[in-house]
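Enquirer: Dock chain A against the given chain U, drawing on the hints supplied.
Protein chains: 2
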Amino acid sequence: MTPKPIDILKERLHEVAHLGATIALLHWDQEVNMPAKGADARASAIAYLSAIVHNKFLAINEDGLLDKLKRGLEASKIRGNDAVIVAETWRNYEREKKLPEAFIKELAETSSKSQTVWAEARAKNDFGLWLPWLEKIVKLKRREAEYVGYQDSPYDALIDTYEPGMTTAETTVVLNDLKDFLVPFLQKIKASKTKIDTKKILGQFPLDKQMAFNNLIAEKMGFDLGAGRIDKSVHPFSTSFHSTDVRMTTRYRKNDVLYSIGSTIHETGHSLYEQNLPAEFFGTPLAEAVSLGIHESQSRLWENNIGRSLPFWKYFYPKLQKEFPAPFKKLKLEEFYKIINKIEPSFIRTEADEATYNLHIILRFELEREIIEGSLELKDLPKIWNAKMKEYLGVKVPNNKLGILQDVHWSGGDFGYFATYSLGNLYAAQFYNQMRQAIPQIDKKIAKGNFAEINNWLKQHIHRHGKTYRAGDLVKKVTGEPLNSRYFIDYLEAKYKKIYG
Amino acid sequence: MTPKPIDILKERLHEVAHLGATIALLHWDQEVNMPAKGADARASAIAYLSAIVHNKFLAINEDGLLDKLKRGLEASKIRGNDAVIVAETWRNYEREKKLPEAFIKELAETSSKSQTVWAEARAKNDFGLWLPWLEKIVKLKRREAEYVGYQDSPYDALIDTYEPGMTTAETTVVLNDLKDFLVPFLQKIKASKTKIDTKKILGQFPLDKQMAFNNLIAEKMGFDLGAGRIDKSVHPFSTSFHSTDVRMTTRYRKNDVLYSIGSTIHETGHSLYEQNLPAEFFGTPLAEAVSLGIHESQSRLWENNIGRSLPFWKYFYPKLQKEFPAPFKKLKLEEFYKIINKIEPSFIRTEADEATYNLHIILRFELEREIIEGSLELKDLPKIWNAKMKEYLGVKVPNNKLGILQDVHWSGGDFGYFATYSLGNLYAAQFYNQMRQAIPQIDKKIAKGNFAEINNWLKQHIHRHGKTYRAGDLVKKVTGEPLNSRYFIDYLEAKYKKIYG
Numbered sequence: 001m002t003p004k005p006i007d008i009l010k011e012r013l014h015e016v017a018h019l020g021a022t023i024a025l026l027h028w029d030q031e032v033n034m035p036a037k038g039a040d041a042r043a044s045a046i047a048y049l050s051a052i053v054h055n056k057f058l059a060i061n062e063d064g065l066l067d068k069l070k071r072g073l074e075a076s077k078i079r080g081n082d083a084v085i086v087a088e089t090w091r092n093y094e095r096e097k098k099l100p101e102a103f104i105k106e107l108a109e110t111s112s113k114s115q116t117v118w119a120e121a122r123a124k125n126d127f128g129l130w131l132p133w134l135e136k137i138v139k140l141k142r143r144e145a146e147y148v149g150y151q152d153s154p155y156d157a158l159i160d161t162y163e164p165g166m167t168t169a170e171t172t173v174v175l176n177d178l179k180d181f182l183v184p185f186l187q188k189i190k191a192s193k194t195k196i197d198t199k200k201i202l203g204q205f206p207l208d209k210q211m212a213f214n215n216l217i218a219e220k221m222g223f224d225l226g227a228g229r230i231d232k233s234v235h236p237f238s239t240s241f242h243s244t245d246v247r248m249t250t251r252y253r254k255n256d257v258l259y260s261i262g263s264t265i266h267e268t269g270h271s272l273y274e275q276n277l278p279a280e281f282f283g284t285p286l287a288e289a290v291s292l293g294i295h296e297s298q299s300r301l302w303e304n305n306i307g308r309s310l311p312f313w314k315y316f317y318p319k320l321q322k323e324f325p326a327p328f329k330k331l332k333l334e335e336f337y338k339i340i341n342k343i344e345p346s347f348i349r350t351e352a353d354e355a356t357y358n359l360h361i362i363l364r365f366e367l368e369r370e371i372i373e374g375s376l377e378l379k380d381l382p383k384i385w386n387a388k389m390k391e392y393l394g395v396k397v398p399n400n401k402l403g404i405l406q407d408v409h410w411s412g413g414d415f416g417y418f419a420t421y422s423l424g425n426l427y428a429a430q431f432y433n434q435m436r437q438a439i440p441q442i443d444k445k446i447a448k449g450n451f452a453e454i455n456n457w458l459k460q461h462i463h464r465h466g467k468t469y470r471a472g473d474l475v476k477k478v479t480g481e482p483l484n485s486r487y488f489i490d491y492l493e494a495k496y497k498k499i500y501g
Numbered sequence: 001m002t003p004k005p006i007d008i009l010k011e012r013l014h015e016v017a018h019l020g021a022t023i024a025l026l027h028w029d030q031e032v033n034m035p036a037k038g039a040d041a042r043a044s045a046i047a048y049l050s051a052i053v054h055n056k057f058l059a060i061n062e063d064g065l066l067d068k069l070k071r072g073l074e075a076s077k078i079r080g081n082d083a084v085i086v087a088e089t090w091r092n093y094e095r096e097k098k099l100p101e102a103f104i105k106e107l108a109e110t111s112s113k114s115q116t117v118w119a120e121a122r123a124k125n126d127f128g129l130w131l132p133w134l135e136k137i138v139k140l141k142r143r144e145a146e147y148v149g150y151q152d153s154p155y156d157a158l159i160d161t162y163e164p165g166m167t168t169a170e171t172t173v174v175l176n177d178l179k180d181f182l183v184p185f186l187q188k189i190k191a192s193k194t195k196i197d198t199k200k201i202l203g204q205f206p207l208d209k210q211m212a213f214n215n216l217i218a219e220k221m222g223f224d225l226g227a228g229r230i231d232k233s234v235h236p237f238s239t240s241f242h243s244t245d246v247r248m249t250t251r252y253r254k255n256d257v258l259y260s261i262g263s264t265i266h267e268t269g270h271s272l273y274e275q276n277l278p279a280e281f282f283g284t285p286l287a288e289a290v291s292l293g294i295h296e297s298q299s300r301l302w303e304n305n306i307g308r309s310l311p312f313w314k315y316f317y318p319k320l321q322k323e324f325p326a327p328f329k330k331l332k333l334e335e336f337y338k339i340i341n342k343i344e345p346s347f348i349r350t351e352a353d354e355a356t357y358n359l360h361i362i363l364r365f366e367l368e369r370e371i372i373e374g375s376l377e378l379k380d381l382p383k384i385w386n387a388k389m390k391e392y393l394g395v396k397v398p399n400n401k402l403g404i405l406q407d408v409h410w411s412g413g414d415f416g417y418f419a420t421y422s423l424g425n426l427y428a429a430q431f432y433n434q435m436r437q438a439i440p441q442i443d444k445k446i447a448k449g450n451f452a453e454i455n456n457w458l459k460q461h462i463h464r465h466g467k468t469y470r471a472g473d474l475v476k477k478v479t480g481e482p483l484n485s486r487y488f489i490d491y492l493e494a495k496y497k498k499i500y501g
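Chains as they are written, first to last, in the numbering used here: chain U, 1 to 501; chain A, 1 to 501.
Isolated chain U (complex conformation):
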């Protein structure tokens, strides 16, 4: 019996996905295990395999299979799940075939090497060391935008990779709205008489005990350690080779256990999404996340809406106190809760509180838009970065390690990515508001460490659909209305009124 065209497509996508997962392993290993001198060989391996994946993906249509399926879709002969597979695959195919093989290879090789140089530059606090690599990357990303094409800004072509359908103009509006709220909000907080001493949670926390505690939290949240693992890396990240092998990393400070806990809860949010994607559709858009913004909504919902809530710590705080009597035994839960929610302008995005975090994003969004549009000199970046930090957050950046060199994204060619973090905060607040109405006595359940209903709600309403819905449609379907920043703003106002009076 001849297989159906849609099944042939699925088999081809299956191979591409496994090869793509292998590239993900090469990257994961690079961050977690690879010895320093292996960097050049690794870059070559990634480049060769990236070119193969690119060609294999384009080859799904070498006999016109995808064209044929696309015509079936347009004639409404293909429906349901198959329609999603064909439509989204077609979308990726259209984009991918515009990129020449040599370009894909050059980008992969350059960004892999650039990440290695970035790590060294960051360690040495030496922007000049990284600048030539940043220049190469930016040139390549601008070429990518030209290959892909765009209507208004070349930056549109890059955002679209991460947040399908979103434009520079729309993102600018949303982020400006957020900035308009946050700047006066931050002023009010600064004026508050409530003083919070974060030093009280510092201590000495052996690495292995921290790791064990993080594994405990992740597992309790629902992460299946039989289908994933948690490791150490410079910059925390999550990656997935398949829903049965999902890996996250975190980073550690010996004197601050909350530093690793925060990033673990965040990455676990991402990883639960990946573990819950339907394995039976592996390789197809039905087993892929909607967008980075929706992905980020899962990490933020866990990290902030749940992970920085009082009920969450009603459950975990006694365990933390037992595991680390110093300094927690003498510190009351209520005070601990205020400390982990302190709002304070700082230098490092990944360590920022849930409010000022968005100002870090807005800064990056504004810079990268200009970088890609070509309206600033790359060598001036540290100066411009520091000026904006002063303007938005009121802080004076002491060095590039705490400034422009802090994030891995640009070194890896990820331009158009940052905005999705703040979109994630907005989606998260709106989803969480809906979930709280759907799950009776949710706070009591959280306080008992019972996360099953939360996981199930997220799985049913978001994870299991894969890419069936675009981000905007999913939000409407789940919450009954389009994305509305009001939910995030209301959440911040209600929460911080109690903390700061």
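Any given hint could be a false lead.
One copy or any two copies: either way a pair holds, since identical chains are not told apart in the list.
To be verified - Here are the simulated lysine-lysine pairs, BS3-like style, with alpha carbons at most 30 Å apart: (1) K10 <-> K56; (2) K476 <-> K383; (3) K319 <-> K254; (4) K459 <-> K188; (5) K209 <-> K322; (6) K332 <-> K139; (7) K330 <-> K4; (8) K77 <-> K342; (9) K444 <-> K97; (10) K37 <-> K319; (11) K68 <-> K445; (12) K379 <-> K4; (13) K232 <-> K209; (14) K448 <-> K329; (15) K56 <-> K495; (16) K254 <-> K322; (17) K105 <-> K4; (18) K232 <-> K199; (19) K476 <-> K388; (20) K37 <-> K220; (21) K220 <-> K232; (22) K319 <-> K209; (23) K77 <-> K190; (24) K136 <-> K10; (25) K37 <-> K459; (26) K448 <-> K37; (27) K56 <-> K97; (28) K497 <-> K254; (29) K220 <-> K124; (30) K459 <-> K139.
By construction, these hints were calculated from the structure, which means they are not laboratory data. No experiment lies behind these values; they were computed from the predicted model shown.
Expert: Chain A in isolation, oriented as in the chain U frame:
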């Protein structure tokens, strides 16, 4: 300028090698990191990539490039390094093109899954669980022998993969000679009045301290930790992605630090070979080891000839005593030396002493020859295994975990591999004899922890040549005569006369 044909070949081999290294990473990760549920997805990824590597390798000749170079070689127009590259590549190409793509894929997928089942079967001591997978693997390996072709025994076709040019008949002769020496030798040892109590080196050794000590030994031996790493796995192994990224694993017992030290020294011997292969020829036979037997000579030379010698421990024993006062502080070096050299029949090959080890190999060699020739029933393997253990070593195997299930090789399809371990012992003794004449006061240097000259000798005489010489020719070139088991036998007799009187 058009690149020269030989340079085009090198570029093609370069890509194949990086993709091959990526498969090696998939395997390494499977043993070291992969969560249990990820096994199926991993098997698929390995299978897809294996098929691609197979096709890419065959495609080096799709435009007749290799044919053309082969003709140049035959006309003596290609010489020196280039001649080695063309001749050895041709040899691999001839073998590879006989294997159908579907076969390669099936073998890769089956052996990956079989290894996972084997690990479970071993843990559960359940041969029946693994048997159906062993049957699949054997069927595939016999098919492989038919595809490749052979003169006398299908087993020839498999040995040739690991030890180019070696036949079943020749190996049988060498191993029978060894058996003829070892059986009476073991009788004499058993009759000796010298009693050695190995329990004296047992204690409590925390894992992290063991790991640190092993890293110290490996580094001191010359292993570059900036171009490699040491991890933990069920079965110790070494693998290389490039001479700048060489990885070994070891395994640990909490009560026996020598258990991990022995395997670390062994794997470091392999890894030094890989780190010393010339990076500038990466991808070509000039950056590949001669054969598994020669590879094993490097691990054995370090593990036994050097690593179980008195001078070696004159240097390391005080460090071991300092790191682990219990039980070593009260144990004299001379007694420690006897303990780590005790000859005693045992169940597990990888834990055997350097003499009885070879009887373990002879047993496996005899079995796998029959397995591949089809002259025994696989379901009878445990029975036959146990009978031979009784006959050669005089021990009664209590269960399959300590018997037929102990080695990973067959589960991964590695038939024809085991004999190379004993060949390695013979090569090692002959090389070491030569090296001792070339390096003045070598024992004093070892006793001072000065391994630079040894490393340099191995690099100059063996490592840097890659596959320039066949094993037999290399031995002649380095030692002035063909492989001669007398060196190994003399070494054992001299050493153990002192220990057992």
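Enquirer: Each of the hints needs a verdict: does it hold here or not?
Expert: Hints and how they fare:
Taking CA atoms no more than 30 Å apart as the test, K10 paired with K56 passes in both settings, with 13 Å inside one copy and 24 Å between copies. Taking identical chains as interchangeable, the C-alpha atoms of K476 and K383 are never at most 30 Å apart, the minima being 41 Å within one chain and 67 Å between chains. When the C-alpha separation of K319 and K254 is checked against a cutoff of 30 Å, the pair qualifies both within a copy, at 19 Å, and between copies, at 29 Å. In this homomeric assembly, K459 and K188 never come within 30 Å of each other (Cα to Cα): the closest approach is 38 Å inside a single copy and 69 Å across copies.
Proximity of K209 to K322 under the C-alpha cut-off of 30 Å is found in both arrangements, the shortest distances being 12 Å within a copy and 27 Å between copies. Within a single copy, K332 and K139 get their C-alpha atoms no closer than 53 Å, and across copies no closer than 67 Å, so neither meets the 30 Å cut-off. Taking CA atoms no more than 30 Å apart as the test, K330 paired with K4 passes in neither setting, with 67 Å inside one copy and 75 Å between copies. Proximity of K77 and K342 under a CA criterion of 30 Å is satisfied in neither setting, with 55 Å inside one chain copy and 76 Å between copies.
When the C-alpha separation of K444 and K97 is checked against a cutoff of 30 Å, the pair qualifies neither within a copy, at 52 Å, nor between copies, at 66 Å. Proximity of K37 and K319 under a CA criterion of 30 Å is satisfied inter-copy only: 29 Å between copies versus 41 Å inside one chain copy. With identical chains, the CA atoms of K68 and K445 are never at most 30 Å apart, being 51 Å at best within one copy and 74 Å at best between copies. In this assembly of identical chains, the alpha carbons of K379 and K4 never lie at most 30 Å apart, being 55 Å within a copy and 41 Å across copies at closest.
When the C-alpha separation of K232 and K209 is checked against a cutoff of 30 Å, the pair qualifies both within a copy, at 14 Å, and between copies, at 20 Å. For a Cα distance limit of 30 Å, the shortest separation of K448 from K329 inside one copy, 20 Å, qualifies, whereas the shortest one across copies, 52 Å, does not. In the homo-oligomer, the alpha carbons of K56 and K495 never lie at most 30 Å apart, since the shortest distance is 50 Å inside one protomer and 59 Å across protomers. In this assembly of identical chains, K254 and K322 lie within 30 Å of each other by CA distance both inside one copy and across copies; the values are 18 Å within and 28 Å between.
With identical chains, the CA atoms of K105 and K4 are at most 30 Å apart between copies only, with a shortest distance of 23 Å across copies and 33 Å within one. With identical chains, the CA atoms of K232 and K199 are at most 30 Å apart within one copy only, with a shortest distance of 24 Å there and 38 Å across copies. In the homo-oligomer, the alpha carbons of K476 and K388 never lie at most 30 Å apart, since the shortest distance is 35 Å inside one protomer and 72 Å across protomers. Taking the shortest Cα distances, K37 and K220 sit within 30 Å of each other only across copies (19 Å), while inside one copy they are farther apart (38 Å).
Taking identical chains as interchangeable, the C-alpha atoms of K220 and K232 lie at most 30 Å apart whether they share a chain (20 Å) or sit on different chains (27 Å). For the identical chains of this complex, K319 and K209 are neighbours both inside a copy (12 Å) and across copies (29 Å), given an alpha-carbon limit of 30 Å. In this assembly of identical chains, K77 and K190 lie within 30 Å of each other by CA distance neither inside one copy nor across copies; the values are 60 Å within and 81 Å between. Taking CA atoms no more than 30 Å apart as the test, K136 paired with K10 passes between copies only; the shortest distance there is 27 Å, against 36 Å inside one copy.
With identical chains, the CA atoms of K37 and K459 are at most 30 Å apart between copies only, with a shortest distance of 20 Å across copies and 42 Å within one. Taking the shortest alpha-carbon separations for K448 and K37, only the inter-copy value of 29 Å comes in at or below 30 Å, while the best intra-copy value is 48 Å. Proximity of K56 and K97 under a CA criterion of 30 Å is satisfied in both settings, with 11 Å inside one chain copy and 22 Å between copies. In the homo-oligomer, the alpha carbons of K497 and K254 never lie at most 30 Å apart, since the shortest distance is 32 Å inside one protomer and 54 Å across protomers.
Taking CA atoms no more than 30 Å apart as the test, K220 paired with K124 passes between copies only; the shortest distance there is 29 Å, against 38 Å inside one copy. Taking CA atoms no more than 30 Å apart as the test, K459 paired with K139 passes in neither setting, with 40 Å inside one copy and 43 Å between copies.
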